[in-house]
Amino acid sequence: MVRLDVYPSSDSGTTTAIPGAGCCDAGVDQLVSISNSTAFPTAGYVVGATISSAGLWHYPATITDPSTTWEVAQFGPADSFTSTTTAAVINQFGKRQQMVWFTSFATDWSTTSTYLQHSYIHWVTRGLFTGRRRIFLGTQVDDMHLPTALYSPAGSLFRIRPSDLDAHVSWMQDLNTRLPPGSAYFVEVGHNGNGDIIAAVNTTTGDNECNPDNPIYFDDGSATTLEFQKPLGSGTDVWPTSPAAYSWSLACAASDSVAAWFQVPANRDAFAHVSHTFAHRSLNNATYSDTNKEIFFNKQWMSAVGITSASKFSSNGLIPPAITGLHNGDAIKAFMDNGITSVVGDNTRPLLRNQVNEFWPVISTVAGNGYDGLLIIPRWATTIFFNCDLPACTTAEWVNTSGGKGNFSDLMVNSKDVNTRHLLGLHHDPFMFHQANLRQADVDAYTVGSKTGKMSMLQIWVETMTQEMSRLTTWPIISITHDNFAKEFSNRMARDKCAPSMKYTLSADASSIVSVDVGASGNSCSVPLPLTIPGDATTTASGTTSEKVGRDPYVKWSTLSGSAVTWKLTSPIAL
Numbered sequence: 010m011v012r013l014d015v016y017p018s019s020d021s022g023t024t025t026a027i028p029g030a031g032c033c034d035a036g037v038d039q040l041v042s043i044s045n046s047t048a049f050p051t052a053g054y055v056v057g058a059t060i061s062s063a064g065l066w067h068y069p070a071t072i073t074d075p076s077t078t079w080e081v082a083q084f085g086p087a088d089s090f091t092s093t094t095t096a097a098v099i100n101q102f103g104k105r106q107q108m109v110w111f112t113s114f115a116t117d118w119s120t121t122s123t124y125l126q127h128s129y130i131h132w133v134t135r136g137l138f139t140g141r142r143r144i145f146l147g148t149q150v151d152d153m154h155l156p157t158a159l160y161s162p163a164g165s166l167f168r169i170r171p172s173d174l175d176a177h178v179s180w181m182q183d184l185n186t187r188l189p190p191g192s193a194y195f196v197e198v199g200h201n202g203n204g205d206i207i208a209a210v211n212t213t214t215g216d217n218e219c220n221p222d223n224p225i226y227f228d229d230g231s232a233t234t235l236e237f238q239k240p241l242g243s244g245t246d247v248w249p250t251s252p253a254a255y256s257w258s259l260a261c262a263a264s265d266s267v268a269a270w271f272q273v274p275a276n277r278d279a280f281a282h283v284s285h286t287f288a289h290r291s292l293n294n295a296t297y298s299d300t301n302k303e304i305f306f307n308k309q310w311m312s313a314v315g316i317t318s319a320s321k322f323s324s325n326g327l328i329p330p331a332i333t334g335l336h337n338g339d340a341i342k343a344f345m346d347n348g349i350t351s352v353v354g355d356n357t358r359p360l361l362r363n364q365v366n367e368f369w370p371v372i373s374t375v376a377g378n379g380y381d382g383l384l385i386i387p388r389w390a391t392t393i394f395f396n397c398d399l400p401a402c403t404t405a406e407w408v409n410t411s412g413g414k415g416n417f418s419d420l421m422v423n424s425k426d427v428n429t430r431h432l433l434g435l436h437h438d439p440f441m442f443h444q445a446n447l448r449q450a451d452v453d454a455y456t457v458g459s460k461t462g463k464m465s466m467l468q469i470w471v472e473t474m475t476q477e478m479s480r481l482t483t484w485p486i487i488s489i490t491h492d493n494f495a496k497e498f499s500n501r502m503a504r505d506k507c508a509p510s511m512k513y514t515l516s517a518d519a520s521s522i523v524s525v526d527v528g529a530s531g532n533s534c535s536v537p538l539p540l541t542i543p544g545d546a547t548t549t550a551s552g553t554t555s556e557k558v559g560r561d562p563y564v565k566w567s568t569l570s571g572s573a574v575t576w577k578l579t580s581p582i583a584l
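10 is the number of the first residue of the sequence shown in the working numbering; add one for each residue after it.
Read the hints as simulated data drawn from the structure, not as lab findings. A few of these clues could be false.
[Said to hold, decoys possible] Derived DSSO-like pairs: lysine-lysine, alpha-carbon spacing no greater than 30 Å straight-line:
(1) K506 with K463
(2) K425 with K460
(3) K321 with K460
[Claimed, not checked] What follows is a set of in silico ranges between Cβ atoms, one per label pair, in the way DEER data are often shown:
(4) N276 with T461: 45 to 55 Å
(5) N416 with G377: 52 to 62 Å
(6) A450 with A63: 30 to 40 Å
Computed from a predicted structure; not experimentally measured. In this text, a Cβ means the ideal position worked out from N, Cα and C, and glycines have one as well.
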């Protein structure tokens, strides 16, 4: 049994550390940490790592019955509590055990609650459950090749340079040496080919090589409300009639230094890649013809410059420009006619999040989106704004538009709290960034924890999140491509709808679990089902696989085709 928000008493072998006193009033923060994880080792905690208890009323305790009670979490000193006190215990009362927490929990807003909940999940399940704990950190960079008009200073532009990209390659290599075992982080780039052509035609080489000698220009006067649903067949073409097909040569495209940089295979393959459309036309009111050109031209450009040959390229994915067109059936049809099966959405917009389960994607419908069958991956916005290249810019925009208070350090404290809660809550939604956020070559040095040096805002953000996650847990931090995000979300929804189940087989004396049957509704499911195991296990069933990443426990995947799959535990689990 697990008990939360409990007042210390003889029922838990404890008493309040100060008679009747709880903690903490506003402005007082008592740090909490896991002090003993031996009863739930698969939770993957870093023992002793502290985290804020702000906003969570609690009762610091002391143990009065050590013969039945041991501490698993503790509070640090604060205010009138001058020494460490007990935050949670496990009791052994005869054959009955209970875990008791002396703090309130609020996983809907509290990063600390989201973090601490893994203790009782892994304790009560003994680390044996249907499902999988995995951290996917996706950082998608939109608008690559386009210049960005900055929020501040007004009237200024920024476009990424090869030196900025070089810095991110070496940084990703370094970061991966510092992350927990099994980690593999990379940045994913959303390309807009027209930005390359805009730059190329303005070079000396491009002046000779580019034919036509102009990029795509149009008057995009189609502003709409955010969730505007375009009547099918309506709208006006704004793309020029010529060129009718992509016709710029590789020599033209490579005239720009950024496109030339990506043509070096080692540079290109350091990143993942996905389309962000050719000219970034707003698609809310776009015609089928214009949308088709946005997709097809970018496919042709990516093929010409070698992006489609990258080791991490998503051929079936799209980052819609400004996340538009997702209520435009003509645009969605153009996506899907060009092989696009998934796009990212925007979690600030409720209609683009699944209203049944926040861990599922949205699947477009005629009624809601104008066209059936497009998978919309949820994606987090951040306070590293699209139109900012430096901390002063994004801080000003945060304060002026988003209710922020303080300086850039305050912004990052807020970002850490908000976004580590998403990661600790096992949300797989990628995060949104933009090309201006990668300015690095000429910025001032910045310090994040143990790392000091010139950093882009994306680097600062990722360092902040990964250092905090690695401070608190031993969990591997893994990046996957857009297409694989789509697969993960699709499979998660399919698994949940199969209603996975698990049945123990006990030893003859009923003292331990010796095997587990993985089943589902009708013992059938269109996707494999995961089983997390604290040790190892074997099976004679076909269609199974085993996954072991870093220090995380084994995950056994079972394909069900009418029968449950039995896994025999290598080491029985004591009850």
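The hints, checked one at a time:
A distance of roughly 47 Å separates the Cα atoms of K506 and K463; the hinted pair therefore is violated under the 30 Å criterion. A distance of roughly 16 Å separates the Cα atoms of K425 and K460; the hinted pair therefore holds under the 30 Å criterion. Annotation: proposed proximity of K321 to K460 holds, straight-line Cα distance about 28 Å (limit 30 Å). Distance hint check for N276 and T461: the Cβ-Cβ separation is about 26 Å, which falls outside the suggested range of 45 to 55 Å.
Here the CB-CB span from N416 to G377 is close to 41 Å, at odds with the stated 52 to 62 Å. For the pair A450 and A63, the beta carbons lie near 38 Å from each other, so the given range of 30 to 40 Å is met.
Going through the hint list in order, the structure does not satisfy hints 1, 4 and 5.
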